[in-house]
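Here's the letter readout for the chains.
Number of protein chains: 2
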Amino acid sequence: MGKIAIIIADMFEDVEYIKPAEAFKVKGHELIHVGLKKGGKVKGKKQGTEVQIDNSVKEVSVEDFDALFIPGGYSPDKLRGDPEAVKFVKEFMNSGKPVLSICHAPQILITAQVLKGRKVTGWKSVVQDIKNAGAEYVDKSVVEDGNLVSSRHPGDLPLFIEAALKKLKKE
Amino acid sequence: MGKIAIIIADMFEDVEYIKPAEAFKVKGHELIHVGLKKGGKVKGKKQGTEVQIDNSVKEVSVEDFDALFIPGGYSPDKLRGDPEAVKFVKEFMNSGKPVLSICHAPQILITAQVLKGRKVTGWKSVVQDIKNAGAEYVDKSVVEDGNLVSSRHPGDLPLFIEAALKKLKKE
Chain V
5 MGKIAIIIAD MFEDVEYIKP AEAFKVKGHE LIHVGLKKGG KVKGKKQGTE VQIDNSVKEV
65 SVEDFDALFI PGGYSPDKLR GDPEAVKFVK EFMNSGKPVL SICHAPQILI TAQVLKGRKV
125 TGWKSVVQDI KNAGAEYVDK SVVEDGNLVS SRHPGDLPLF IEAALKKLKK E
Chain U
5 MGKIAIIIAD MFEDVEYIKP AEAFKVKGHE LIHVGLKKGG KVKGKKQGTE VQIDNSVKEV
65 SVEDFDALFI PGGYSPDKLR GDPEAVKFVK EFMNSGKPVL SICHAPQILI TAQVLKGRKV
125 TGWKSVVQDI KNAGAEYVDK SVVEDGNLVS SRHPGDLPLF IEAALKKLKK E
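One line per chain: the protein sequences are V and U, in this order.
If you count the first sequence from 1, you need to add 4 to reach our numbering.
If you count the second sequence from 1, you need to add 4 to reach our numbering.
Fair warning: there could be bad hints in the mix.
Given that identical chains are not distinguished, each listed pair holds provided it fits within a single copy or across any two copies.
Stated by the list, open to error - In silico DSBU-like pairs for lysine-lysine, Cα to Cα no more than 30 Å straight-line:
1. 91 <-> 120
2. 41 <-> 144
3. 94 <-> 144
4. 62 <-> 144
5. 135 <-> 45
6. 45 <-> 144
7. 135 <-> 94
8. 31 <-> 120
9. 42 <-> 123
10. 29 <-> 120
11. 128 <-> 91
12. 31 <-> 135
13. 101 <-> 171
14. 45 <-> 174
15. 7 <-> 144
16. 94 <-> 45
17. 135 <-> 49
18. 50 <-> 120
19. 49 <-> 123
20. 45 <-> 62
21. 128 <-> 45
22. 170 <-> 144
23. 50 <-> 170
24. 62 <-> 50
Calculated directly from the structure, the hints in this document are not laboratory data.
Take the sequences, apply the hints, and build the full model.
Right, here's the structure in full:
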C-alpha cells in the first residue's frame, strides 16, 4: 500500500476531501496532509471540516510519496499563490506518479504549467483556464491521461474514487 | 454622473466592494447590483457584508449602464460559471465603456475571452491564467488599458478608486 500526499489549504470542498480520504484509508493507504503551515489546521468551506497539516510543502519531497491527491473548493486557489506548493505539484506531475485532481484542482496544475497537451477535466468555472493552458478539456466524470486522474465535481466522486484506487493499485 | 453596474455573487471580498462603492456614491454615481438572482442577497467572505441584488444578469443590458465594476474574492469564480453573466461582461468589454476589475475579477474576463492582447493586473493566484489568456500581466497597483482599469488586491484600493473615478469622469 502507498503513501499519499494530500495537498490542502483553507476552504477546501469538504466532501471532496472526506470521501476519497476515507476510501484510501480503508484500502490501507497512508495519508499525509501537506499544507502551507506544519501543525496548522485548515477548514472546509461548507461543513467546516478540520484537517491537521502533517507537513509543510517546504519540508516534503516527491520521493517521500507514491501519489498526490488535490481536493477542490477554494483550497487550490490558496495553494497556487505559494511558489513552494506550485513547485511540489510540478515535480509530482513530472515524476510520473499518480496525481488525483478534482473540481478546482486543475488551477494549481495550471500555475505549475504541467497541463500542456494533457487531457483533463475540472469544475465548470475553470474550463476556459484549462483550455488556455494548452490542455484538452474533456466533459466526463473521470478523465485518465497517463499519471493524471481528474474529475469535475462531488457528483463524480464514486467514479473518481474507483479510478483513483485502480491507479494506486498499479503503482 | 453615471450608472454603474456592480456584478457580484457570494463570497466577494468585502472591502473590495465596500470602499469603491462608497467612493462612487459620494461622487454621485448610481449603483445597480447585478447578480445571479434578482432580490437575492449575497454575502462577503470575510465580514459577511450583505448586498441585495437589484437585477439579475438576465434582465439587464449594457445599454442600461455607463460602467461595470467587478469586485474580487470568490465572487468572480461563481459568476464565471453562469453563461448569462459571462455574456454580460463580454458585451460590456466590447462596448468600450469602463470596466473596473480588482483581485480575482480577471477570471470572468478570461471566461468571456476578452483579454487577448490587453494589459491587465490581478491577484497573484490568477497570474498564469491571465498570461495563458493572451494578456500581458503587469505587476502594478493600477493598470489602465483602454476601457479596462485593473488592480491586484485590497492594498491597491486607494489608487484603484482614484483611477476608476478619473475614468468615470471622462465618460
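Status of the hints after comparison with the structure:
In the homo-oligomer, the alpha carbons of residue 91 and residue 120 lie at most 30 Å apart both inside one protomer (16 Å) and across protomers (27 Å), since each shortest distance falls under that limit. For the homomeric pair residue 41 and residue 144, the shortest alpha-carbon distance between copies (28 Å) is at most 30 Å, but the shortest distance inside one copy (34 Å) is not. Taking the shortest alpha-carbon separations for residue 94 and residue 144, both the intra-copy value of 24 Å and the inter-copy value of 27 Å come in at or below 30 Å. For a Cα distance limit of 30 Å, the shortest separation of residue 62 from residue 144 across copies, 28 Å, qualifies, whereas the shortest one inside one copy, 34 Å, does not.
In this assembly of identical chains, residue 135 and residue 45 lie within 30 Å of each other by CA distance neither inside one copy nor across copies; the values are 33 Å within and 33 Å between. For the homomeric pair residue 45 and residue 144, neither the shortest alpha-carbon distance inside one copy (33 Å) nor that between copies (33 Å) is at most 30 Å. Taking the closest pair of Cα atoms, residue 135 and residue 94 come within 30 Å of each other both inside a single copy (18 Å) and across two copies (18 Å). Proximity of residue 31 and residue 120 under a CA criterion of 30 Å is satisfied in neither setting, with 32 Å inside one chain copy and 47 Å between copies.
Neither within a single protomer nor between protomers do residue 42 and residue 123 lie at most 30 Å apart by alpha-carbon distance, with minima of 33 Å and 38 Å respectively. Taking CA atoms no more than 30 Å apart as the test, residue 29 paired with residue 120 passes in neither setting, with 32 Å inside one copy and 45 Å between copies. Taking identical chains as interchangeable, the C-alpha atoms of residue 128 and residue 91 lie at most 30 Å apart whether they share a chain (25 Å) or sit on different chains (15 Å). Taking the shortest Cα distances, residue 31 and residue 135 never come within 30 Å of each other, neither inside one copy (35 Å) nor across copies (41 Å).
Proximity of residue 101 to residue 171 under the C-alpha cut-off of 30 Å is restricted to the intra-copy arrangement: shortest distance 10 Å within a copy versus 51 Å between copies. Within a single copy, residue 45 and residue 174 get their C-alpha atoms no closer than 32 Å, and across copies no closer than 49 Å, so neither meets the 30 Å cut-off. In this homomeric assembly, residue 7 and residue 144 come within 30 Å of each other (Cα to Cα) only inside a single copy, at 27 Å, whereas the closest approach across copies is 42 Å. Only within a single protomer do residue 94 and residue 45 lie at most 30 Å apart by alpha-carbon distance; the minimum there is 24 Å, versus 40 Å between protomers.
When the C-alpha separation of residue 135 and residue 49 is checked against a cutoff of 30 Å, the pair qualifies both within a copy, at 27 Å, and between copies, at 28 Å. For the homomeric pair residue 50 and residue 120, neither the shortest alpha-carbon distance inside one copy (32 Å) nor that between copies (35 Å) is at most 30 Å. In this assembly of identical chains, the alpha carbons of residue 49 and residue 123 lie at most 30 Å apart only when taken from the same copy (28 Å versus 33 Å across copies). In this assembly of identical chains, the alpha carbons of residue 45 and residue 62 lie at most 30 Å apart only when taken from the same copy (17 Å versus 41 Å across copies).
In the homo-oligomer, the alpha carbons of residue 128 and residue 45 lie at most 30 Å apart both inside one protomer (28 Å) and across protomers (23 Å), since each shortest distance falls under that limit. For a Cα distance limit of 30 Å, the shortest separation of residue 170 from residue 144 inside one copy, 18 Å, qualifies, whereas the shortest one across copies, 47 Å, does not. Taking CA atoms no more than 30 Å apart as the test, residue 50 paired with residue 170 passes inside one copy only; the shortest distance there is 29 Å, against 40 Å between copies. Taking the shortest Cα distances, residue 62 and residue 50 sit within 30 Å of each other both inside one copy (28 Å) and across copies (28 Å).
Checked against the numbered hints listed earlier, the structure breaks hints 5, 6, 8, 9, 10, 12, 14 and 18; every other hint is satisfied.
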